[in-house]
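The task is simple: from the sequences and hints, build the whole structure.
Protein chains: 2
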Amino acid sequence: MRSFGAATRMPTLAVVLSLIRERGAVSRVELAGATGFTQATMTRAVRKLEDLDLVHEVGTVPSNQGKPRRLVGIKADARYMIGLQFDAYSGTGVVVDLAGGVVAQRDLIAPGLRPPETVIAELAEAVRLLLKDAAVPRDRVLGVGLATYGPQDRKAGVLLTPQPTPDWQGHPLAVSLSKATGIPVAVENDATAAGIGIQTLSGAASSFVVVYMCGGIGAGLILDGQPYRGVTSNGLELGHISVDALGPQCTCGNRGCLDTAAGPTAVMEQALADPLLAGRIESGAGPLAAILSIGRAALDGDAAAADLIDASAQKLAIATVTLVNLFDIGRVVLAGRAFADLGPTYRDTLQAILDQAVFMRHVHATRVELAPDVTQAAAIGAATVVLRNLLESPDAP
Amino acid sequence: MRSFGAATRMPTLAVVLSLIRERGAVSRVELAGATGFTQATMTRAVRKLEDLDLVHEVGTVPSNQGKPRRLVGIKADARYMIGLQFDAYSGTGVVVDLAGGVVAQRDLIAPGLRPPETVIAELAEAVRLLLKDAAVPRDRVLGVGLATYGPQDRKAGVLLTPQPTPDWQGHPLAVSLSKATGIPVAVENDATAAGIGIQTLSGAASSFVVVYMCGGIGAGLILDGQPYRGVTSNGLELGHISVDALGPQCTCGNRGCLDTAAGPTAVMEQALADPLLAGRIESGAGPLAAILSIGRAALDGDAAAADLIDASAQKLAIATVTLVNLFDIGRVVLAGRAFADLGPTYRDTLQAILDQAVFMRHVHATRVELAPDVTQAAAIGAATVVLRNLLESPDAP
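Protein chains in written order, with full-length UniProt numbering: chain A, 1 to 397; chain B, 1 to 397.
Hints are computed from structural coordinates only; laboratory data are not their basis. Misleading hints may appear alongside valid ones.
Identical chains blur together in the list; that is why a pair holds if it fits in one copy or across any two.
Keeping only pairs whose Cα atoms sit at most 20 Å apart, straight-line, the calculated SDA-like set for lysine to any residue is [as the list claims (entries may be wrong)]: (1) K75 x R21; (2) K155 x H362; (3) K132 x D77; (4) K48 x G24; (5) K179 x R138; (6) K155 x H364; (7) K132 x L108; (8) K48 x G36; (9) K155 x V363; (10) K155 x R361; (11) K75 x A25; (12) K48 x A78; (13) K48 x A14; (14) K48 x N389; (15) K75 x D51.
Encoded structure:
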């Protein structure tokens, strides 16, 4: 059994860098005071961050001791990270600077059922175009973070699933994309990446669950700013928890899975079975495009479409109650492209059901909210993972 | 939102004490080597444990440096902890020494629907009798750990639920029992306590989920030896996750809850509705006595009883798949008095269903096992909580 310990406390460098980012321009004394670290630890940490070219001196302020205090700040444009998120049906890419700002973004070609070699060549081309859009030279890029579905061997950068086609299972995704781009690549679970991205977008470290819906349904858990990983970094397979113990067999082996009952594929299949709704879905559309089309129909006032979305939201809400009851958590954040138009609809249904069904509701409220950028959160988080990996590496103090 | 940080890494003193317990007689040098702590940290930690009267010098061994090395060992009988576990239908109490040995145990009077004042007087009497059985003077007792259902305010030692009667909600359980016994009292969730007790019984720190069934169903999570707490110490309300999104309304506000569908109360109600099975249950029996009676009938070859138990086990298995899929964990341990006779039956059903339905089964196996002592694990864990609280208190280094 692998150890959970390493992931459960934010490493010193990451804490210090976040704080410098948050405060803008800050003295070592102020940093030591805010973190509780000793002066000596803080001096070492700031020096390391300077060595990594992530922070620099941005000015001085007078001090009571005569000698002025030097202020450090983020060197926002010294280094950049690229974040890519894809599943079979969609993808998006971003370039993020050290201050967490998105300096370029573009949609990726959806991988569909094409083999990994083809998709990796397309991802490498997307990296080239993103850097061109951002006017960022390749040698300023710390790495590419790649957020996608699991199970995955995160350390090795390999997918452990035959989705979308058997070719992908065991394909050395990180190594191949790194070869194709000349940039180091880290792989991350998409829902977990969304959780990390939500923090990048919203600032301070906190604790929340992410309910993620794109081509399928997933979830992530952030505790005090750090992702919950589980023994194989494959935690929170929300799409494959049962919402109907006697329900239909899922391809995963379980019965009555949430994804099969309420996910984009389920909504698509239910819509295609209804002659009046089937026409709302473009021929050949995948599950993500389908749920977005049905969602727009619902928002336009189509009652049958609204019923389908409502049934999906209610089942997702029941599964979210499961998350909240198990993890005893007070904040649920929705992310993923499927929430692009439907975010408020799902949010309101989830909030209403959580308010009446969470076991701990008399002890603490549970708030449901939308990610600051539902579509980009996972890609932005994937970019942040690159920086986090650097700060958490054993070479860092 | 409260912080999760404090609970996610085992504190120094607890690590050192476990290691001393595990090794028997050990030098400071060996302790430093095994933990990775510095010699100075280890010297401080051992001195603190000596000050607390928990360890002492047990001998010396020759060393290469000429001066013999002093060995420290647990002072097993210097201090004791009392652990009590109760719900409405049953209770058990233990006295545990510093080596983790159970030196006395007795069943408690089941609280039933009596008011908290009466039950607390009975618990205080049980404490007196336990100490008499163990021949342990009261001044050697570090505290009483009390494991029971949630939601609870663990820090305040107060139950936040109107179960079994509204009198219990908000009753100052820890303060009242402490007054009645003259011993400090700590409150803990019963399933979490069972997880801590399983570690006391089996040695080394590890990561696993506990599926706990006594009068109802609960769960706990231990990560690297430390309990997962959630924002209000009320994590893993397994009994109130839905296994049927369209199922009957539960009193908790959720629909199709596991406890309502498969717990002891469900088995009792289903059995009482069957004229042939109803006779197996003693008049006036509570849910725990009922499931134990039906279980014994099933083990004796009654097919209808076996069907009821099998249906319960299958639903518990589906909920356990949910736990495993969400937490990405490789070990499930069953504890609680309801498994006293039926442990192997439930274990085998859970293992069979997990083997075919866990999402990560191709990445890692998930093993189901019985706690070393299903009936006492929670009480033994409650006793261990007393020692852990002492070692984790801010006064400890």
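* Asked: Is the C-alpha distance from K48 to G24 at most 20 Å within one copy, between copies, in both cases, or in neither?
  -> Answer is within: at 18 Å inside a copy they meet the 20 Å cutoff, but 42 Å across does not.
Within a copy, between copies, both or neither: which one fits K155 and V363 at a CA-CA cutoff of 20 Å? between (39 Å within a copy, 14 Å between copies)
- Message: Cα distance capped at 20 Å. Does K132 pair with L108 within a copy, between copies, both, or neither?
- Response: Classified as within; 15 Å inside a copy, 73 Å across copies.
Report task. Pop the pair K48 and G36 into one bin, within, between, both or neither, using alpha-carbon distances up to 20 Å. Result -> within (18 Å within a copy, 23 Å between copies)
- Query: Is it within a copy, between copies, both, or neither that the alpha carbon of K179 lies no farther than 20 Å from that of R138?
  - Reply: within (14 Å within a copy, 69 Å between copies)
Check: Under a CA distance limit of 20 Å, which applies to K155 and H364: within one copy, between copies, both, or neither?
Finding: between (36 Å within a copy, 15 Å between copies)
ask   = Is it within a copy, between copies, both, or neither that the alpha carbon of K155 lies no farther than 20 Å from that of R361?
value = Classified as between; 19 Å across copies, 38 Å inside a copy.
- For K75 vs A25, is the C-alpha pair at or below 20 Å within one copy, between two copies, both, or neither? Only inside one copy: K75 and A25 sit 11 Å apart there, 53 Å across copies, limit 20 Å.
Evaluate K48 and N389 at a C-alpha cut-off of 20 Å and name the case that applies: within, between, both or neither. Cα proximity of K48 and N389: one copy only (15 Å, versus 37 Å across).
Q) Should K75 paired with R21 be assigned to within, between, both, or neither, using CA atoms and 20 Å as the limit? A) Close inside one copy (9 Å), not across copies (50 Å); limit 20 Å.
Q: Could you figure out if K132 and D77 sit no more than 20 Å apart (CA to CA) within one copy, between two copies, both or neither?
A: within (15 Å within a copy, 72 Å between copies)
Q: With 20 Å as the alpha-carbon cut-off, assign the pair K48 and A78 to within, between, both or neither.
A: within (15 Å within a copy, 48 Å between copies)
Checked against the numbered hints above, the structure breaks none of them.
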